[in-house]
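S.K.: Could you build the full structure based on these sequences and the hints that come with them?
There are 2 protein chains.
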Amino acid sequence: MKKKYNKHPLDFIFHPKNIAVVGVSSNENDGGHFKALLNSGFDKKHTIYPVNPKMTKINNFTCYPSILECPTDVDYVISRLPAPLVPELVKQCIEKNVKTLHLFTAGFNETGDKNREKLGEEVLNMTKKAGIRVIGPNCMGLYVPGEQISFTEEAPPEESGDVFVASQSGVLAAEFIFRLASRGIRFSKVVSFGNGADLSVSDFLEYAANDNETKYVLSYIEGINNGKAFLKSLKKCASVKPTIIIKGGQTEEGARAASSHTGSLAGSAGVFESLCKQFGVILVDSIEEAQDIIIAMKTSLANIKNNNVISISSGGGNSVLSSDAISRSGLVLPMINKAVQEELRSFIPMAGTSIYNPIDFGVGANQVNLLKKLFRTLSKNKKVNCFFYSYGLMPWMDNKNTKANTLSSVGKFNIRNIFGKEQFKNESFDLLLSTFKSLQKTLKLPIVIVHRSRIQGSLDEVNHLACLALENGVPFFDSSERASKAITKIIKWQKAR
Amino acid sequence: MKKKYNKHPLDFIFHPKNIAVVGVSSNENDGGHFKALLNSGFDKKHTIYPVNPKMTKINNFTCYPSILECPTDVDYVISRLPAPLVPELVKQCIEKNVKTLHLFTAGFNETGDKNREKLGEEVLNMTKKAGIRVIGPNCMGLYVPGEQISFTEEAPPEESGDVFVASQSGVLAAEFIFRLASRGIRFSKVVSFGNGADLSVSDFLEYAANDNETKYVLSYIEGINNGKAFLKSLKKCASVKPTIIIKGGQTEEGARAASSHTGSLAGSAGVFESLCKQFGVILVDSIEEAQDIIIAMKTSLANIKNNNVISISSGGGNSVLSSDAISRSGLVLPMINKAVQEELRSFIPMAGTSIYNPIDFGVGANQVNLLKKLFRTLSKNKKVNCFFYSYGLMPWMDNKNTKANTLSSVGKFNIRNIFGKEQFKNESFDLLLSTFKSLQKTLKLPIVIVHRSRIQGSLDEVNHLACLALENGVPFFDSSERASKAITKIIKWQKAR
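Going line by line, the protein sequences match chains X and B. The opening position of the first sequence corresponds to residue 0 in numbering that gives the first Met the number 0, with each subsequent residue numbered one higher. The opening position of the second sequence corresponds to residue 0 in numbering that gives the first Met the number 0, with each subsequent residue numbered one higher.
Any given hint might turn out to be false.
Which copy is meant is left open, because identical chains are indistinguishable; a pair holds if it fits in one copy or across any two.
[Unchecked claim] Each computed DSSO-like pair below joins lysine-lysine, with the alpha-carbon atoms no more than 27 Å apart:
| id | residue 1 | residue 2 |
| --- | --- | --- |
| 1 | Lys-337 | Lys-113 |
| 2 | Lys-488 | Lys-240 |
| 3 | Lys-337 | Lys-117 |
| 4 | Lys-240 | Lys-443 |
Hint data in this document are derived by calculation from the structure and do not stem from the laboratory.
M.R.: If you want it as structure tokens, here you go:
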């Protein structure tokens, strides 16, 4: 077991045997890292040392006056102290052979204050000399489900996954976890590293590139401290794994915000963009876009090479606006060839339908044979690289559970869903997925489910459908716009490789 | 009372005394216009005549074999017959002095079939000669809450409002109603007019311009039949009321879809855009954007003239990405002047905050005095035309109702909300709104609430907050992107007037 983690010089950071939380709050309701580690069960596997000179006990744990009193050496220290107290803590860390110091503590170079900048330099000089690696300052630290380490007291998934996240923002790190998890994605390691004064994005990208657990790499970056190391690690990472970057501070205003947030110099947006293009990095603007790219990568869209979409929906106005959106993104809705048109007209009535792409024809999940006939016929078109299939309740259907003349209709849902663990019963969607799964296999073409966004009711049921789709390798997106945007980027990425 | 409706030659269309539904379904579960009219209570005010030769009774109503057997003349006929039977129906309409024929019936010129096109022409020649006005074909018809007319059997709002909608798509007409209603907007009249063979968008825009009930005009258009009449009515309408247009078929692919949908020739996107600019029409791409523009128009943003935004949020990474989004939209985050910075620093601590715009400082709804101090101080900045205030639960807070270090936190919600009729209890949000309402008045600056989008839980509570905000004249948007986009368009529109 141990060997698995013994391959990279930075492995120790993600696999501490004990963690001391220094400056643990005396107020039980305060939350923070101690509570987060308790909730994730770190103490069941390893040891937590709460540290606060004002208490002797907390939640049945001995509370130590300082780390010096901890009964063993300490692997990993989380500092929740005010910045001016950190140099003293570092001295103690040296005595206790601490390997990693995570500075949740903020108030160093990001303040723009000269004295605080000096304080930060002092701390860094001390840790460097002692060989202690620093995560932060000004960050949330680690979420490593395999080691039951978490920085958020809310309940992130217990299971490990294959996505590595390195984020300069703690709030965004948490958003990555919860947004992507709600759509069925799981994580190998997530690190919020804030100002990145010692361990920086370069270190984490380099680590992720080598990490066996990791298949996809996602990073939120505000600024780069060491350009040369960054270029090297970014290039390496993107050459071995799909690497998705959100670059904060691409505008002047955003750059100012980044400077105040993590003391980062954002650099030129143009230079960053061309670097990403050159290295095969996928640059995105938002968490939603990152989520969509990963969903595409993990389903049948990973290998899409060209941009011809046949779109199937019901309801003319939506077809029109959706076609406009698809086309604006750079994808193409090719004409349906005459022979295929004729075949379609043999089973699609004339009034209220269209067969020229977009296909405007209401065929529901329960009409399995008709669905198969439709997709098989359309797959004969000269130009087609993927299908869009519009799915969704009219949002106003919820209140009365009335079935209407919609393309498909979702069944009743019974149980509240948290990260897809429990079941919403929806036989028609299950049927749709099994049909699409087999069609994707036989036709060798991705079938993208485009869900019409909801305005009422519960989002949990939509998340559940999305999780099921992911399990079946069927891409599921919240709109034509988002699907098209993700696919366009995947195609560009494929072509650049 | 009657005089109110007696001002325009087309008033009769929206105020029929009786409606015959021809081709009413024998299956009670089928829904359709008869059920829609029953649900909206048209029969309590006026008379419904169901017509179907195969039945004598339906829902305790006498069902007539044809309109000829109806006991009185008929004002308004809804045809649910197949297209080939329509000419015979028109003959009967002439006998019964019908004023308006609404052809729900599809299958005319939009099919691209020559015989069907001829059939459509035949029908139109007959109605023209007889002076019968036609809505459609291929459309859902009317929703007029004041007359208890509805085309959807689901429950749209019973109350009238001030937004007029003319839509070539029935599905989108329904989406307009339910999406906007869920955010507190109500309607004077909504008409889905499909192919617009007789009554077209020109007639409806001209009508809306004159309608006392209507303050805002919204239209989804795929194509224009009579260019000259359209230009005249569009110009007139936009000169007297804010006029928002969604033009479907702006791309080649969308135009093809439009042609199949309503037989429309979409025309040149560039020409349409410059027309809109010239006439002061607000051109948008989606229902969401239309919704945002109307929310802006109905709140403190209606008169915003310049683009300097001071953005207040909590959580650095979000501040950075939000600033990037605001800046990309064309709005500006001006620097905070030195004197204002100094005043801010007198009550905002240094660590973990920023005062340079974006303001990164967590101040919650319950800290009324601190909030007021913050906004008053910031209003002294040389450049400021509006504020953004980021509001929202972390999405993952829902499951456990744990309060975390978020900017604000929403209370527990008790009752399911349909269009804001019932109360979700949320004292902290009420407090925030009353603070912002008074600040908007004293500072004469809009305060925009930017809600962080949810990924879990119920959307109904968000809709409820948005409705409350609208009632208080406080703009509420789902993201910085959407807020910025709407504001940018309002400013351009203001400048062009």
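S.K.: Any hints this thing doesn't respect? Which numbers, in order?
M.R.: none
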